[in-house]
Amino acid sequence: MEIVILAVVIALVAVGLISGLVVSSRKKKQLPPSAPSSTPTITPPAEPRVGEEAEAPRDEARRTTEEVGLPGDGTSVAEPPVIEPEIPELEVPEPTAGRLVRLRARLARSQNSLGKGLLTLLSRDNLDEDTWEEIEDTLLTADVGVAPTQELVERLRERVRVLGTRTPDELRALLREELVALLGPEFDREVRTEGGEGTPGVVMVVGVNGTGKTTTTGKLARVLVADGRSVVLGAADTFRAAAADQLQTWGERVGARTVRGPEAGDPASIAFDAVKEGIAEGADVVLIDTAGRLHTKTGLMDELGKVKRVVEKHGPLDEILLVLDATTGQNGLVQARVFAEVVDITGIVLTKLDGTAKGGIVIAVQRELGVPVKLIGLGEGPDDLAPFEPGAFVDALIGD
Numbered sequence: 117m118e119i120v121i122l123a124v125v126i127a128l129v130a131v132g133l134i135s136g137l138v139v140s141s142r143k144k145k146q147l148p149p150s151a152p153s154s155t156p157t158i159t160p161p162a163e164p165r166v167g168e169e170a171e172a173p174r175d176e177a178r179r180t181t182e183e184v185g186l187p188g189d190g191t192s193v194a195e196p197p198v199i200e201p202e203i204p205e206l207e208v209p210e211p212t213a214g215r216l217v218r219l220r221a222r223l224a225r226s227q228n229s230l231g232k233g234l235l236t237l238l239s240r241d242n243l244d245e246d247t248w249e250e251i252e253d254t255l256l257t258a259d260v261g262v263a264p265t266q267e268l269v270e271r272l273r274e275r276v277r278v279l280g281t282r283t284p285d286e287l288r289a290l291l292r293e294e295l296v297a298l299l300g301p302e303f304d305r306e307v308r309t310e311g312g313e314g315t316p317g318v319v320m321v322v323g324v325n326g327t328g329k330t331t332t333t334g335k336l337a338r339v340l341v342a343d344g345r346s347v348v349l350g351a352a353d354t355f356r357a358a359a360a361d362q363l364q365t366w367g368e369r370v371g372a373r374t375v376r377g378p379e380a381g382d383p384a385s386i387a388f389d390a391v392k393e394g395i396a397e398g399a400d401v402v403l404i405d406t407a408g409r410l411h412t413k414t415g416l417m418d419e420l421g422k423v424k425r426v427v428e429k430h431g432p433l434d435e436i437l438l439v440l441d442a443t444t445g446q447n448g449l450v451q452a453r454v455f456a457e458v459v460d461i462t463g464i465v466l467t468k469l470d471g472t473a474k475g476g477i478v479i480a481v482q483r484e485l486g487v488p489v490k491l492i493g494l495g496e497g498p499d500d501l502a503p504f505e506p507g508a509f510v511d512a513l514i515g516d
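If you count the sequence shown from 1, you need to add 116 to reach this note's numbering.
Keep in mind that the hints were calculated from the coordinates and are not lab data. Do not take every clue at face value.
Across the chosen pairs, the derived CB separations fall in these ranges [to be verified]:
id: 1; residue 1: GLY312; residue 2: PRO211; range: 20 to 28 Å
id: 2; residue 1: ARG282; residue 2: THR365; range: 50 to 58 Å
id: 3; residue 1: ARG305; residue 2: VAL278; range: 25 to 33 Å
id: 4; residue 1: GLU379; residue 2: GLY312; range: 29 to 37 Å
id: 5; residue 1: ASP285; residue 2: GLU250; range: 20 to 28 Å
id: 6; residue 1: THR283; residue 2: MET417; range: 49 to 57 Å
id: 7; residue 1: SER346; residue 2: ASP304; range: 20 to 28 Å
id: 8; residue 1: VAL269; residue 2: ASP241; range: 15 to 23 Å
id: 9; residue 1: GLU250; residue 2: GLY486; range: 26 to 34 Å
The structure presented is a predicted model; accordingly, all values stated were derived computationally and were not measured. We put the beta carbon where it would ideally sit given N, CA and C, even for glycine.
Starting from the given sequences, assemble the full structure and let the hints guide the process.
Listed below in structure tokens is the structure:
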């Protein structure tokens, strides 16, 4: 019995083993072929040979030469637009004839307190000593100067005594005549710019910084251009920031070229080059703007003397104009003395003669230097520089 049971167990185990082997064989036959690996294989680029350029990887498709439009393939590449530099339109300065007449009203508004004050005092019924002292004070306050004031008062005393009766018109005519005489009508007030044969007229402009020296040089260029003259500017004030730029701007407005050098360069060298360029271009006039650092008096005066000597190697200077600020009064006379020690001043330009300026400074500075006031500045406008005319000036002082 036991033998029979054992035989049955062995048979069952054998059957189970045989079934397992069959099932395993069938599964192997049904499995699909193995899938390739998901990691891509990277092939390194080939090393470029000698004479070849390594090709950079591109993110976009390569275009043909037809698509790109390379030169020489029959197509044209659009040229970038050419931007021409903007040339400033030249200004046409106002003619100099009658400038002071046009500006007379402005001058009269700011200056006629002197003339009206004198007329009021002279019209008093009784011209006693107190009245004459008031007349003296009025003249001194207007910066006429001590000696010219005493001279004018004595002349007025004598003529009023002879005249006897004094109508307003007679007094106005009397005062006008004496003031014109005091201004020196015999002076030659023409700005000399003729030059010599084959050389331009050379004008050297001197003065303390702050008086309007560079601006006056630019305005004088406008005056000359308005009169039909060609001008070259020399920017010899190399120690004041932007002085050369300022002068060049004035010149560009009217077509005058500016000769300039490096900042803090040698002023005499620039002045020499300016005259040289003026000769080469056949210019009518060369205007030289100089430095005015009065706080370094010795150095400044040596420098101005050097500029004068160097320029005169081309020929004589035609004018040396001293620019004074009319509002500085007696300080202007001190400045005038300093410059007169070094250079032979031939004419005076009084700037800022409008507003708070005192008209008597014209008389005082002429007496101090013995040279005439040739030009006056009456405002900030580009054409507010005018030839000085004693008659028109006095008319503005005393009014109509």
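Going through the hints against the structure:
The hint said 20 to 28 Å for the Cβ distance between GLY312 and PRO211, and at roughly 27 Å that hint holds. For the hinted restraint 50 to 58 Å between ARG282 and THR365, the CB-CB distance of approximately 53 Å keeps it satisfied. Restraint check, ARG305 to VAL278: a C-beta distance of roughly 31 Å satisfies the suggested window 25 to 33 Å. The hinted range of 29 to 37 Å is satisfied by GLU379 and GLY312, whose Cβ atoms lie roughly 33 Å apart.
At about 22 Å, the beta-carbon gap between ASP285 and GLU250 stays in the expected band of 20 to 28 Å. Hint check: THR283 to MET417, Cβ distance near 53 Å, so the stated range 49 to 57 Å holds. Judged by the Cβ atoms, the range 20 to 28 Å given for SER346 and ASP304 holds: they are separated by roughly 24 Å. In this structure, VAL269 and ASP241 meet the distance hint of 15 to 23 Å, their C-beta atoms being roughly 19 Å apart.
Under the hint 26 to 34 Å, the C-beta atoms of GLU250 and GLY486, about 30 Å apart, fit the expected range.
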